[in-house]
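Peer 1: Use these hints to put chain B onto chain A, whose structure you have.
Chains as they are written, first to last, in our numbering: chain A, 27 to 335; chain B, 27 to 335.
Hints in this document: simulated from the structure, not taken from any laboratory.
Being a predicted model, the structure only gives us computed values, none of them experimental.
Errors might be hidden in some of the hints.
Identical chains share a label here; the pair holds if one copy fits it or two copies do between them.
[As the list claims (entries may be wrong)] Straight-line Cα separation of at most 25 Å, DMTMM-like style, residue types lysine to aspartate or glutamate; simulated pairs:
no., residue 1, residue 2
1, K197, E291
2, K232, E311
3, K125, E54
4, K197, D335
5, K232, E74
6, K63, D290
7, K232, E220
8, K232, D171
9, K79, E311
10, K197, E300
11, K232, D78
12, K79, D29
13, K63, E311
14, K79, E225
15, K125, E57
16, K63, E102
17, K232, D290
18, K41, E57
19, K41, E291
20, K197, D29
21, K232, E60
There are 2 protein chains.
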Amino acid sequence: MSDERVLAIDVGGTKLAVGIVDPGGRVETYERTETPKVDAEGLWRTLESLLDKLPESDLIGVGVGCGGPMEWPSGEVSPLNIPGWRGFPLRERLRERYKGLPVRIHNDAVTVAVGEHWRGAGRGSRNVLGMVISTGVGGGLILGDRLIDGASGNAGHIGHIVVDPGGMPCKCGGRGCLEAIARGPALAAWAQAEGWRAEQMIATAKDLAADAARGHPIAVAAMRRAGRALGIAIASATHLLDLDVVAIGGGMSQAGPMLFTPLDETFRHHARMEFARHVRVVPAELGQTAGLVGAAAFIYGADRYWNAD
Amino acid sequence: MSDERVLAIDVGGTKLAVGIVDPGGRVETYERTETPKVDAEGLWRTLESLLDKLPESDLIGVGVGCGGPMEWPSGEVSPLNIPGWRGFPLRERLRERYKGLPVRIHNDAVTVAVGEHWRGAGRGSRNVLGMVISTGVGGGLILGDRLIDGASGNAGHIGHIVVDPGGMPCKCGGRGCLEAIARGPALAAWAQAEGWRAEQMIATAKDLAADAARGHPIAVAAMRRAGRALGIAIASATHLLDLDVVAIGGGMSQAGPMLFTPLDETFRHHARMEFARHVRVVPAELGQTAGLVGAAAFIYGADRYWNAD
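If we strip away everything but chain A, and leave its shape as in the complex, we get (with noise of 0.2 Å):
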């Protein structure tokens, strides 16, 4: 095995991760905090004690994952859950501080699905979405077996596939969007309103896959309508791409049988081409890491996954 690493950045509006990542994908050293509510340069400061805690030798790159929307490549980063940070120049102030190395940075969803690809349920195949399903719904596409970014790096998308086209408005101004039926607070919301621990302030997806999992039958018609908006929105991504594997993760997939079961069901029912039944959906492997792992293989795979500057 080399001794080249990789130095990995995963920013979130939760926790702020950063890792050495070898070249076959392993985190060898972990370091997290919960992501601060404070200004920009107060954020930067956090980040940057994070990164002292790491090794640096046999560095040959950083890559970084990071909540959306951003200038891409530029790197430029305002965070939808990370108001402190607003057209940080993020990309820029880690070049600053890996002076000769390679900075590359992507949208998080993007960067787990390229971890997937790269070492996770999607190893070996070359038309892969990987999706994030959690207090959004994101993804990440790579088709013939190379990162597709769009027109400004924001290829993936999925949340805003529209699966109810007189459905609920969604937070991107439109409407029945996949994420504003199948995100976990929509979903949480949605159950309340039919009277699940309707006298709570705030009940989270995670309380409501638990109770479908006891069958709580508002939490099972809650998941069952998370299924049945991703299912549409996987089928018409299957027609519309030609897929191997489509990888789930984020917090609401750890559901397991409860969502997958009804999605399944659904795909299965609207992906009729002949070419969409060879498709395998199927669960994330990655986990917690898969932002780290992704954003090293900006670097250690750059030739599939690094189209830019």
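Peer 2: Below, chain B alone, put in the same frame as chain A:
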């Protein structure tokens, strides 16, 4: 200008067309005939008699667009609208006829999309969806300046994006697909059921577009119905793929503003992510010869448009 020339073939249910295409994408020589309703060898002889009329000097390759489905890239074709060919080894036959030359074949809608990217409405853009709306609704994808084939050569099937989950059954076996609503014959049948030309045995989408242009209310409503379904599907594709250009061709696209105005309204209603706002949805430019131009691009533009053996 180089002396190189490509022989291009366009096999459809209505017509067979062949031509010589120069490196600039101009069709120099063009021959066509109606597709005869004969057996496999009879059809092959018809194609050969067309090919016999073409000059063969300076040929560097043969490109083919053919109605699907087909085994790809091996090129055993079973065009839905040509019952005489089922598993017909078109690529192999052409290789025997044009010994030593590369012969490359793809689905007809993919070929048209490639033509529009190479020399038509998508010229100079890196992320293009090309669509053909006629008796079916097909398409092809160029992403990151490269043709997307999918796992089995079937990427681009935008006609089977789900736009109305509880809607009409589709020939594919699914429900609520774009094609089930917006393909010409379905649209004409819908209008007849609503009372338009109800006394006629058969009325065509061409009649429908003409009547819509004259202000017939049911015909206008039919075009709006198609436009809305198209707008939803294109919004979903744009969000998923972060496109630059959507180029729309095929007979139905001749309807002009009667179709494009409701299409654009619905598209803008649903495509609300900031990155989706710069997309241009435009009529295709190449018309009847798009298939020949695209077929030639499999040879001239092999680095971008041909990823197989």
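Peer 1: Now tell me, hint by hint, if it's right for this structure.
Peer 2: Consistency of the hints with the structure:
1. With identical chains, the CA atoms of K197 and E291 are at most 25 Å apart between copies only, with a shortest distance of 19 Å across copies and 28 Å within one.
2. Taking the shortest alpha-carbon separations for K232 and E311, only the intra-copy value of 19 Å comes in at or below 25 Å, while the best inter-copy value is 51 Å.
3. In the homo-oligomer, the alpha carbons of K125 and E54 lie at most 25 Å apart inside one protomer (23 Å), although the nearest pairing across protomers, at 56 Å, exceeds that limit.
4. Neither within a single protomer nor between protomers do K197 and D335 lie at most 25 Å apart by alpha-carbon distance, with minima of 32 Å and 45 Å respectively.
5. Within a single copy, K232 and E74 get their C-alpha atoms no closer than 32 Å, and across copies no closer than 65 Å, so neither meets the 25 Å cut-off.
6. Taking the shortest alpha-carbon separations for K63 and D290, neither the intra-copy value of 39 Å nor the inter-copy value of 41 Å comes in at or below 25 Å.
7. Only within a single protomer do K232 and E220 lie at most 25 Å apart by alpha-carbon distance; the minimum there is 17 Å, versus 48 Å between protomers.
8. In this homomeric assembly, K232 and D171 never come within 25 Å of each other (Cα to Cα): the closest approach is 34 Å inside a single copy and 42 Å across copies.
9. Neither within a single protomer nor between protomers do K79 and E311 lie at most 25 Å apart by alpha-carbon distance, with minima of 27 Å and 58 Å respectively.
10. Only between protomers do K197 and E300 lie at most 25 Å apart by alpha-carbon distance; the minimum there is 12 Å, versus 35 Å within a single protomer.
11. Taking the shortest Cα distances, K232 and D78 never come within 25 Å of each other, neither inside one copy (34 Å) nor across copies (69 Å).
12. For the identical chains of this complex, K79 and D29 are intra-copy neighbours only, at 19 Å inside a copy versus 64 Å across copies, given an alpha-carbon limit of 25 Å.
13. For the homomeric pair K63 and E311, neither the shortest alpha-carbon distance inside one copy (31 Å) nor that between copies (52 Å) is at most 25 Å.
14. In this assembly of identical chains, the alpha carbons of K79 and E225 never lie at most 25 Å apart, being 45 Å within a copy and 81 Å across copies at closest.
15. Proximity of K125 and E57 under a CA criterion of 25 Å is satisfied intra-copy only: 22 Å inside one chain copy versus 62 Å between copies.
16. Taking identical chains as interchangeable, the C-alpha atoms of K63 and E102 lie at most 25 Å apart only when both belong to the same chain, with a minimum of 19 Å there against 60 Å between chains.
17. In this assembly of identical chains, K232 and D290 lie within 25 Å of each other by CA distance solely inside one copy; the values are 21 Å within and 40 Å between copies.
18. Proximity of K41 to E57 under the C-alpha cut-off of 25 Å is restricted to the intra-copy arrangement: shortest distance 10 Å within a copy versus 65 Å between copies.
19. Neither within a single protomer nor between protomers do K41 and E291 lie at most 25 Å apart by alpha-carbon distance, with minima of 34 Å and 40 Å respectively.
20. In this assembly of identical chains, the alpha carbons of K197 and D29 never lie at most 25 Å apart, being 46 Å within a copy and 56 Å across copies at closest.
21. Only within a single protomer do K232 and E60 lie at most 25 Å apart by alpha-carbon distance; the minimum there is 19 Å, versus 62 Å between protomers.
The structure does not agree with the numbered hints 4, 5, 6, 8, 9, 11, 13, 14, 19, 20 stated previously, though it agrees with the rest.
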